[in-house]
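**Q** Take a look at the letters that make up each chain.
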Amino acid sequence: MEALELYAVDDRADVYTEELKLNLGPQHPSTHGVLRVELRLDGEIITAARCDIGYLHRCAEKIGENVSYLQFTPYTDRMDYLSSMNNNLAWSLTVEKLLGVEAPPRAQWLRVIMAELNRIASHLIAFGTYGIDMGAATPFFYAFRERESIMALLERPSGARMLYNYIRPGGVAHDIDERWLPDVLAFCDEFEKRWAEYNTLLTTNKIFIERTKNIGVIPRQMALDYGLTGPVLRGSGVKWDLRRDVPYLKPYDEIEFDIPVGEGTHGTLGDCWDRYWVRMLEMMESIRIIRQAAVRVPTGDFVEKAMLKMYKSPLKPAAGEAYMRCENPRGELGFYVVSAGGASPIRCRARGPSFCNLSVLDALLPGCMIADGVAIIGSLDIVLGEVDR
Amino acid sequence: METLIRFFSDLFHLSPDGVLPLTLAYSVCIGSLLGFITVYAMFAIWMERKVAAHIQIRYGPMEVGGWHGWAQSIADAVKLLFKEDLIPDGANKFMFWIAPAVVFCGVFSGFIAIPFALGVQIVDIHLGLFFIVCIASVEVVGVIMAGWASNSKYSLFGAVREAAQVVSYEVPAAVALLVPILIVGSFRLGDFNAWQEEHGWLVFHNPFVIVAALIYFIASLAGCKRAPFDLPEAESELVSGFHTEYSGMRFSFFFLEEYASMFVAAALVATLFLGGWTLPFVNVSAWPVPFGIVILLAKIFAVIFLQMLLRWTLPRLRIDQVMAMGYKYLLPWGMLCVVGTALFETMGWRWLPL
Amino acid sequence: MNEQQLHAKLLASGLPGIGELDTSARDPFVRVDAGSIVAVLTFLRDDHDCRMEMLHNLTAVERPDAIELVYHVCSLARHHALTVKLSCPRPDGGNHDTWIPEVPSVAGVYSAANWHEREQWDLLGVRFAGHPDHRRILLPEEWIGHPLRKDYVYPTWHDGIPLELDAIPLYEPGGGQAAAEAAAASAAGAAGAAAKAPRKAGEPLFQPPAPLSTRPLAPGGKTTDTPASELGSH
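Line by line, the protein sequences give chains Y, Z and P. Residues 36 to 424 in this note's numbering are what the first sequence lists, from first letter to last. Residues 32 to 385 in this note's numbering are what the second sequence lists, from first letter to last. Residues 31 to 264 in this note's numbering are what the third sequence lists, from first letter to last.
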């Protein structure tokens, strides 16, 4: 692909015009992190786009080859820092698969609640920042009011507000206190009322619908071809969710929940509004899951006793490899870990959903305006920590 | 104004038509108006921050000055004065320097025709409304100069968007303003106040006037570059649009200009549609002058409050949607209102027992 | 279909270069030859029973004797997944500086592979023949080397910044060993030595130390990447 150079649009016209080359980012309020998109513009219309990532590359995979399996857990926190419980979960499941152990039932049910709470928190940020991208500053503050409650809830078992390092191979790090589950249920009641408010703010707002309908349409085949997962895939009408189709935690088999998909309510199927609406509905589904799980958490160990020795001396799994994927708020996070019998893996690959979701941007942007480009980037809901690792 | 001229001519024992009394009188008026605008802008910024904060479930400024941070704007103004005056490399220095001045002068000139009470206005222009509509378009030139002179693609984008938007929305604004002109039959702003003192608020005179008031309100929002039409300064897309590269005092001029044009737009809405400095069924002209000023300011601030509410609730429209709304929706409806009002006036119909 | 059935389907397809199904691993995988990877993935994607619509992950793993490429493909319609592996044996003496294995690119089969392959080129130095946009993705364009290789040596100097902590002199206000030495030196040579001239504008603040590693950054002074002069303007 040739470099994005300036060239004349139409030499034969009376007015000599050129295409404008503009950088969107890496410092920009709307690129959701340090993302640079080189744009070639004909007035307001984008004629070509090229993503440039790597500004947040922190060599997590190289670090993974030098630290132990337990020590790598905080690094997974920092990949998709908005849904760190889910990242921890994916890493812990991969290590458990490599070792051939399973977490005890209490840990599994707690993991479900933590993962779903973090899913709601992550989708709240997606909702709030999407509002800001569109110019409505208010939904952001409403979303963060709920997020404060979630962070306070998750701070109690884990000790941290955002980068939890809580779900570890073998189970979870600490047990919850007795008041935690009733407080979670109280939060669910509160959230359901507030969810209705969010809809009046953005979902049914005519201006918002006009800004997001028929924008960034991803047909089903394109979504599968580019390896898109998560709400981006479901917004295109594909009813695929790892929690239901390839359940990675036993409780997901026993809990009843729906998978919202986009239906082309306001425009073409697979536009920005569908992806946004899938995220809104997923928040309610997560509440449903949490309500069912919170009353069914069994008593027992919160970590596999055989794994407790990892706190004294590093785990040394037998030579082998494992690949495990989990449904993150942004898509399917996959960890591929290869062990050669030592204390550190010899390959520790993180397949970030935002990395794959972002690759479709080069194909989506040409033909739309800058304002639409901002809407599309917001609807893909990327986190650069995961794109760059 | 006449009283001031007479006061100065008596003071210096000169003829009322002489240069000195006139100059002094006008200087006092314009100086006090400038002072009023600056203080008003500071108050409006504080009000905006408070309104935004309370919509967003937070408090806003609370510290500076004690009671709800009333001195926050003063502190901000002082801070802006002390900031380093940055001129981007490669910027066109003269245009960069003069653009804020052009923008502010364009808006400020609109103030001289607004009547604040009976006989209280700087110049009683016979074509007052026409003058305000025309002079407000000078700011477009200033904004384009600012965007071009900044030597930045983002600024240029903001300037070009702004040119398209503001110039386009002057059309439905002017068409909507034709409706009260048709009813009152004059361009002089004082005549609108006098008419409304006699007949009640214009907005209730005619169902079409309500629609025209709404059209003018929306079009004036676009002219002030307020959300949902704040594309020229779209923070989430263009960092800051045409005033990205401005800092310190120059930036504060653009800020002043935004709030000053909000004031002018609100003043026009209040004067033309909401009765100006009059109250219904009450003879305000008999009262002392400050009452009229207070009534008008109350109405203006109510309209400004509405503008702020809209800004913090609604998302932003895209530029082609802005254009479509102006030309495809506001303009035809405005023309319909003009035709309807003309019909009402010629037929002498009344729809309310007023 | 489980992995055995998928493997049987692959063997039945008649494509060359399909190896054994290794069931000893937790995720059983199929080994294929480099030459037939594109055909195999195309078959897996298009065959009615396999319907592997999505390439989920593409990883390169450096082992002592080879670089393995691991393709995780999955099917949403058929609810199954398969791991396909490709091995590039390491030649004698093949190390970070001398050996860049080359495999065909599958970006034509799955568009998702585009960015995955760019990342594996960037970090591990595996060339993908036929890739439409063969550039680095995470690291800067002018970076030399492939960091995820086991024998990658960290550069000591990049873009005018020393990358080793020992190379940066610590600031010692007033006291400290360096200041004491400097005071002793100036006291000894105060008579003849001129006062330390003030730093002229444009003069570097301090001289960079010699690189600690004796390995040249690339064999023969040539880089393994596109020289900066040939890159398009940014």
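The hints are simulated quantities; they were obtained by calculation from the structure and are not laboratory data. Since this is a predicted model, take the numbers as computed values, not measurements. Even glycine gets a Cβ: it sits at the ideal position worked out from N, Cα and C. Treat the hints loosely; a few may be bogus.
[Said to hold, decoys possible] If we take Cβ atoms under 7 Å as the criterion, some of the chain Y residues that face chain P in the derived model are:
1) Gln106
2) Phe222
3) Phe226
4) Glu227
5) Gly262
6) Trp275
7) Ala341
8) Ala357
9) Val373
10) Arg382
11) Cys391
**Q** Take the hints in turn and mark each one as holding or not.
**A** Results of checking the hints against the structure:
{"no.": "1", "hint": "Gln106", "result": "violated, 18 Å"}
{"no.": "2", "hint": "Phe222", "result": "violated, 33 Å"}
{"no.": "3", "hint": "Phe226", "result": "violated, 31 Å"}
{"no.": "4", "hint": "Glu227", "result": "violated, 31 Å"}
{"no.": "5", "hint": "Gly262", "result": "holds, 3 Å"}
{"no.": "6", "hint": "Trp275", "result": "holds, 5 Å"}
{"no.": "7", "hint": "Ala341", "result": "violated, 18 Å"}
{"no.": "8", "hint": "Ala357", "result": "holds, 5 Å"}
{"no.": "9", "hint": "Val373", "result": "holds, 5 Å"}
{"no.": "10", "hint": "Arg382", "result": "holds, 4 Å"}
{"no.": "11", "hint": "Cys391", "result": "holds, 6 Å"}
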